[in-house]
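Visitor: Read off the chains here:
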Amino acid sequence: MAYQLSKAESSYTASGLLLSQRLDGRSLLDYRPITVEAGVAPTANGSARARIGDTEVVVAVKLDVKKMGEDGEGGRCVCSVECSPSAYPQLDRDSLSDLSADLSTLLSTYLTPIVSTPELLIIPSQLYWQASVDALVLSSSGNVHDTLFAAVRAALWDLRVPRTRGVVYEVPGGGDDVAMGEDGGSSVEKAGVLDHMRGMKRGAVDFDLVDGADDGTPLEGRSDLPVCVTLNLLSPVFYLDATIPEELCAPTRLLLFIRPSGTLCGIHKLGEAELPPAELKEALQEGVRLGKELGGAMNARMGGMGGKRMGPFS
Amino acid sequence: MSEMEEIVGSPFLNKLSGPESRFEPLNSGNLRSDGRRPLELRSFEAELTTHPSADGSASVSHGLTQVTACVYGPREAKNRGLTMHDRALVNVEVSVAPWAGEMRRLRSRGDKRTLEFAASIKSTFEPVIQTTLYARSEIDIHIHVLQLDGGLLQASINATTLALVDAGVPMLDYVSSLSAGLYHTTAMLDLTSVEESDLPSVTVAVLPRSGKVTLVSMETRLHVDRFEEMFKLAMEGGKVLRGEMDRVVRERTAALARQMEGGVALKEDDKMDTDL
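Chains Y and B are the protein sequences, given in the same order. Quick note, the first sequence lines up with residues 1 to 314 if you use full-length UniProt numbering. Quick note, the second sequence lines up with residues 1 to 276 if you use full-length UniProt numbering.
The hints are simulated quantities; they were obtained by calculation from the structure and are not laboratory data. For every residue, glycine included, the Cβ atom is placed at its ideal position computed from N, Cα and C. Certain hints may be false.
[As the list claims (entries may be wrong)] What follows is a set of in silico ranges between Cβ atoms, one per label pair, in the way DEER data are often shown: (1) D246/B <-> Q90/Y: 31 to 37 Å; (2) K112/B <-> Q90/Y: 24 to 30 Å; (3) M260/B <-> V65/Y: 51 to 57 Å.
[Stated by the list, open to error] Listed below are several chain Y residues computed to face chain B (Cβ distance under 8 Å; list not exhaustive): (4) A41; (5) T43; (6) V58; (7) E82; (8) S84; (9) R93; (10) S139.
Required output: the full structure, derived from the provided sequences and hints.
Guide: So this is what it looks like as structure tokens:
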């Protein structure tokens, strides 16, 4: 990153951190105020704006009907992150798009297995909802990763999958249901809709949106969606929610993706420094504990506020 | 004029956009598709200082169109080769969020349409900002389109005006912008995206005090006799919007002044009330 820290400033910040003193008076494991607001984009199926301190990210999820490929795998998601020039005024165009590409890759790596749920299937092995998760980093003052994933989590929480039902066609006279398509136009025209099946989608060839289902169904596992906790390791201490100068002081940064139930579903290491395994173990244990706490707090807030607005908490 | 009436009254045109067509811009009760009267504007909301680190920022929404503008500067230019010895350089960057429209669409930074928008916003503001006061420096304007339902240019210009005011950049006047369209012989203001795709439309940016015009943008065909009416209405509408923008600026300044008198710094909780 083009942001530079002078030697004096860096050593001042680092020695403060080693003494558990931060410039803004927080303790090492404190977050700045977190604000999450869901439903900010009316044209999306789910959206949210998250703010940690002065870092702000907007995320929207859109669902599109897609045909499944030959592999029969479905429910994929596509991700993009755009870093606005107002978030990184010191960066030029090329480094901005590099940064955006980095974050996009990170997001799709950790999000694809989470979003690929059977709920997004419309007709098994034929049609599915493709979730496009798009993020816009509006401003940054450190800890973009946690903010980004908090916004993504809230947008997925806000996501409503439209209710559908399968449709099969029947050829009059013929005893069996015949899938439309190969049989030619005439039989299809004569064929009537046999049944609107709910739940049983195996023989379905097409789908129908259920009337009055503007709301749709929320994702089933949404309360167990992971949160991202970034641990900044400055041996022997580690600290959370670093501001930009604090981020630059940390030789290693660990992104932990933790479900509120307490399982760890991803680790990503940033920074060039090497890390002794013993230190990693301690950091992980503490990180998982903090992640559980953060995820639990988010669930409580979003559930309590009807998933719409959420005030600051730490 | 007589020729115009002939065209308007021709059965061919009625077939194209009359009651038989799928979309009816103006129904028999003289109401538009979203229930507005022809000259009624969508709800206009504006907020200043929405961005924590920009020198000035504003968020503006016209109905479902929502745009945020951030202003940096006047500051030392990143690229010194482009600076001018007698005035400041104005840079405009526009980015449209992928989810903004009806369909998801990823736009690259070099998207032609977006660049064109940026160029027209730049040329709108260059004569209005007093650039000669800041020689050899640069003013950057970043515009984010978060929601798009027609009126991209008008919303961007109004947001930029407010952001420039918020940044304290000296200008000759507010620039307020509004779009206008025409259905048969009825002019209508502040078009939504459905109306924009069906009707001839023009976007006008005015300096309300002097009545000068800094931008007229029209990408559709229209009979020249009808242009004046639309144009004048858009200008009048722009003056109304100026009043709204001025009110927002005054409210914001009064709030700041109160905080200065009370010796209370601008606190998070004050911002929470308004924007979150």
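Visitor: Evaluate each hint against the coordinates.
Guide: For each hint, the structure was consulted:
no.	hint	in the structure
1	D246/B <-> Q90/Y: 31 to 37 Å	holds (34 Å)
2	K112/B <-> Q90/Y: 24 to 30 Å	holds (28 Å)
3	M260/B <-> V65/Y: 51 to 57 Å	holds (55 Å)
4	A41	holds (6 Å)
5	T43	holds (6 Å)
6	V58	holds (7 Å)
7	E82	holds (7 Å)
8	S84	holds (6 Å)
9	R93	holds (7 Å)
10	S139	holds (5 Å)
Hint compliance for this structure: no hint is broken.
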